[in-house]
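Enquirer: So the chains spell out like this:
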Amino acid sequence: AQSVTQLGSHVSVSEGALVLLRCNYSSSVPPYLFWYVQYPNKGLQLLLKYTSAATLVKGINGFEAEFKKSETSFHLTKPSAHMSDAAEYFCAVSDRMGGGNKLTFGTGTQLKVEL
Amino acid sequence: GAGVSQSPRYKVAKRGQDVALRCDPISGHVSLFWYQQALGQGPEFLTYFQNEAQLDKSGLPSDRFFAERPEGSVSTLKIQRTQQEDSAVYLCASSLDRAGNSPLHFGNGTRLTVT
Chain A
1 AQSVTQLGSH VSVSEGALVL LRCNYSSSVP PYLFWYVQYP NKGLQLLLKY
51 TSAATLVKGI NGFEAEFKKS ETSFHLTKPS AHMSDAAEYF CAVSDRMGGG
101 NKLTFGTGTQ LKVEL
Chain B
1 GAGVSQSPRY KVAKRGQDVA LRCDPISGHV SLFWYQQALG QGPEFLTYFQ
51 NEAQLDKSGL PSDRFFAERP EGSVSTLKIQ RTQQEDSAVY LCASSLDRAG
101 NSPLHFGNGT RLTVT
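Residue numbers (the numbering used here), protein chains in the order written: chain A, 1 to 115; chain B, 1 to 115.
To be clear, the hints were calculated from the coordinates, so they are not data collected in a lab.
All of these numbers come straight from a predicted model, not from anything done at the bench.
Incorrect hints may appear among the rest.
Using C-beta positions, here's what the derived DEER-type ranges look like [unchecked claim]:
1) Leu46/A x Pro61/B: 22 to 30 Å
2) Arg22/B x Ser26/A: 41 to 49 Å
3) Glu52/B x Pro79/A: 25 to 33 Å
4) Gln41/B x Leu20/A: 16 to 24 Å
5) Arg22/B x Glu71/A: 38 to 46 Å
Don't be surprised by glycine CBs; every beta carbon is placed ideally from N, CA and C.
Make a model of the complete structure from these sequences and hints.
Expert: In structure tokens:
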């Protein structure tokens with residue numbers, strides 16, 4: 001079974017400050033890890049994904065995440081927050097062994113960006 | 001370009017009514033997924049189709065939930081005798097291949113409210 005845990009259901013940062021959203025995973029097989037962003041009343045948009053090619057993954061909108069096997073973590077960061085980054089962020093894990101790209105999501109972190 | 005389209009965007013049903021939620025995936029996408037997202041939670045897997053074949057329905061919460069994709073394109077999620085706990089956003093996603101290598105594209109969801 002696979003699972004992800006997102007620490008902190010709400011994170012608030014000032015505009016221009018570092019964004020750090022935490023995700024830890026549990027998986028019995030090498031995981032595929034994802035970060036999605038969801039704006040109000042919208043579907044999920046893929047920010048980035050880890051597929052074992054490189055441990056530091058760069059995504060859209062200036063976000064990046066680092067896969068750390070020893071810490072079973074895949075934290076999402078952005079050096080400088082922008083007001084438009086305010087949204088809900090979901091970490092997810094996938095098992096490639098059959099079943100297509102079925103995802104198991106965390107409970108989400110709501111990011112607030114303040115002036 | 002056309003993305004994943006879901007209809008209706010909002011649905012209010014009285015307890016005990018049947019509802020049908022529609023998903024139009026991206027043309028040519030083989031895989032189609034349904035997820036349920038309760039308020040304040042991450043999406044949870046319901047069911048998966050590869051073309052017209054329903055390969056995984058392990059996430060359907062009860063036998064009141066039924067999904068179909070008869071011609072391998074449009075899919076319908078049907079909920080019979082709706083209950084208040086069925087209130088959630090229902091997300092549909094599609095991907096190009098069957099191996100899980102291509103990303104999921106999500107629709108904007110249908111928000112179901114059962115009164």
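Enquirer: Could you work out which of the previously given hints the structure breaks and list their numbers from low to high?
Expert: Numbers 2 and 3 - these are the hints that the structure violates, sorted from lowest upward.
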